[in-house]
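Undergrad: With these hints in hand, go ahead and build the complete structure from the sequences.
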Amino acid sequence: MLNEFIFNIAVWIDDTRWSAMLHESYYMYNWVESTHVLTLMVSLGILFLIDLRMLGVALPDVPASRIAERLNLPMLVGFSVMVITGILLVYAVPVRSAQSVWLRIKMVLMLGCLVNAIFFHRQLSASVSSWDNEPRAPRKLRIGAMLSLGGWALIVMCGRFIAYDWFDCQYNDSELLAVVAGCIDGQTRF
Amino acid sequence: MPASLLGPYTRTILVIAILAVALAFALSNARVEVHGNLLPMFEWMETTWFGYIGKTWGAAFATVEAVHLLGLALLGGSVIVAEGRLFGVFLTDVKQGVITARCNRTFNIALATLIATGVFMACGVALKIYYLPVYWYKMLALGAGALFHYLVRQPLVERGPGEVNPWLLKLMAIASIMVWFTVAATGRWIGFSG
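Protein chains in written order, with the numbering used here: chain Z, 1 to 190; chain B, 1 to 194.
A hint or two may mislead.
[What the hints assert, rightly or not] Coverage of chain B stretches by chain Z, computed from C-beta distances (three or more under 8 Å per stretch; other residues unrestricted):
1) 86 to 93
2) 187 to 193
[Unchecked claim] Here are the simulated DMTMM-like cross-link-like pairs (lysine to aspartate or glutamate), alpha carbons at most 20 Å apart as the crow flies:
3) B:LYS95 <-> Z:ASP132
4) B:LYS95 <-> B:GLU43
5) B:LYS170 <-> B:GLU158
6) B:LYS55 <-> B:GLU43
7) B:LYS95 <-> Z:ASP61
8) B:LYS95 <-> Z:GLU134
9) B:LYS95 <-> Z:GLU69
10) B:LYS55 <-> Z:ASP165
[Stated by the list, open to error] Okay, the calculated bits of chain B under chain Z, using three or more residues with CB under 8 Å as the criterion:
11) 54 to 63
12) 71 to 82
13) 100 to 108
Think of the hints as simulated: they come from the structure by calculation, not from any bench. Nothing here was measured: the structure is a model prediction, and the numbers come from that model. Virtual Cβ for every residue (Gly too), placed ideally from N, Cα, C.
TA: Printed below as a string of structure tokens:
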């Protein structure tokens, strides 16, 4: 039911002029994809430094509150660009994206990372005054940082795997995978 | 006894010498000859274990690609934060030397990860990339970036505060960001070519 709904929306988007234009434009599509990947260097790179600071691996002698506060804005700018270009990539290839098991896992992981980030920031704001200059954050924050690092590493992997067709609907024999990927009675379109 | 035979300008002379050699190489027939002579090495790369694994197990290749991207992210973060500090945008209330030294450590780890995973990936598609001009542009950009980072940027930022003109540091920060984003962009473009 839900998979059919998603499939129908994807087909509708696929039939729009702009989606086809973006998909068919060699340079535009590749520029959008390149921007999506290159913004990793801004958003995820800064996030990694913040998380590694909490673990005491990077910048251990810089107060944690300063790292988290000052680098938050450029990180969020990077993430915004990444989200916009990510939406454009799905918009350009909507049906295959809607039926990609990797994209679905990526979305779930991103949701998990978002929840983790909210808890992490709450915990950080509440406790930072007591350990700001310590090289390592308290245990709860370290766990949050590790979850963030692990989660984003998996997100990058899933993002990379989307490009491969291992589990695309037309090659998929497993019923479970077909449900998870959202395959509709062999209906696929690119 | 002097610390260096070339006096206080060892690195400057070294960089100019490398640039002169690179220019002479690019403008002469040596470039074409060397490219031809490198073919057997690329053919050999595909026969190594890395090449075999890369070509046989797509999942292994894709996983290494993802680790390559993670290394790229860490390198980008280190460059952005360090150069942002030099440019006076980020963490201006923390000593410049602390930020650049700490970021240099993560930069080194990231660069080592990129090179290690990059060699693995290159072995899997060695003959494809050998014929791709964009691969050679990337190698050129990577070499220029590494030389710039270790021979030009690091010696300058390691000097004490006030010893280097702040505008020079700002120009250097812009150059550093541009060179590493060029490395990343040319790397991404390899995937679109061939």
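Undergrad: All hints are to be evaluated individually against the structure, with a verdict given for each.
TA: The hints, checked one at a time:
{"no.": "1", "hint": "86 to 93", "result": "holds (count 3)"}
{"no.": "2", "hint": "187 to 193", "result": "holds (count 3)"}
{"no.": "3", "hint": "B:LYS95 <-> Z:ASP132", "result": "17 Å, holds"}
{"no.": "4", "hint": "B:LYS95 <-> B:GLU43", "result": "49 Å, violated"}
{"no.": "5", "hint": "B:LYS170 <-> B:GLU158", "result": "15 Å, holds"}
{"no.": "6", "hint": "B:LYS55 <-> B:GLU43", "result": "13 Å, holds"}
{"no.": "7", "hint": "B:LYS95 <-> Z:ASP61", "result": "11 Å, holds"}
{"no.": "8", "hint": "B:LYS95 <-> Z:GLU134", "result": "17 Å, holds"}
{"no.": "9", "hint": "B:LYS95 <-> Z:GLU69", "result": "17 Å, holds"}
{"no.": "10", "hint": "B:LYS55 <-> Z:ASP165", "result": "16 Å, holds"}
{"no.": "11", "hint": "54 to 63", "result": "holds (count 4)"}
{"no.": "12", "hint": "71 to 82", "result": "holds (count 10)"}
{"no.": "13", "hint": "100 to 108", "result": "holds (count 4)"}
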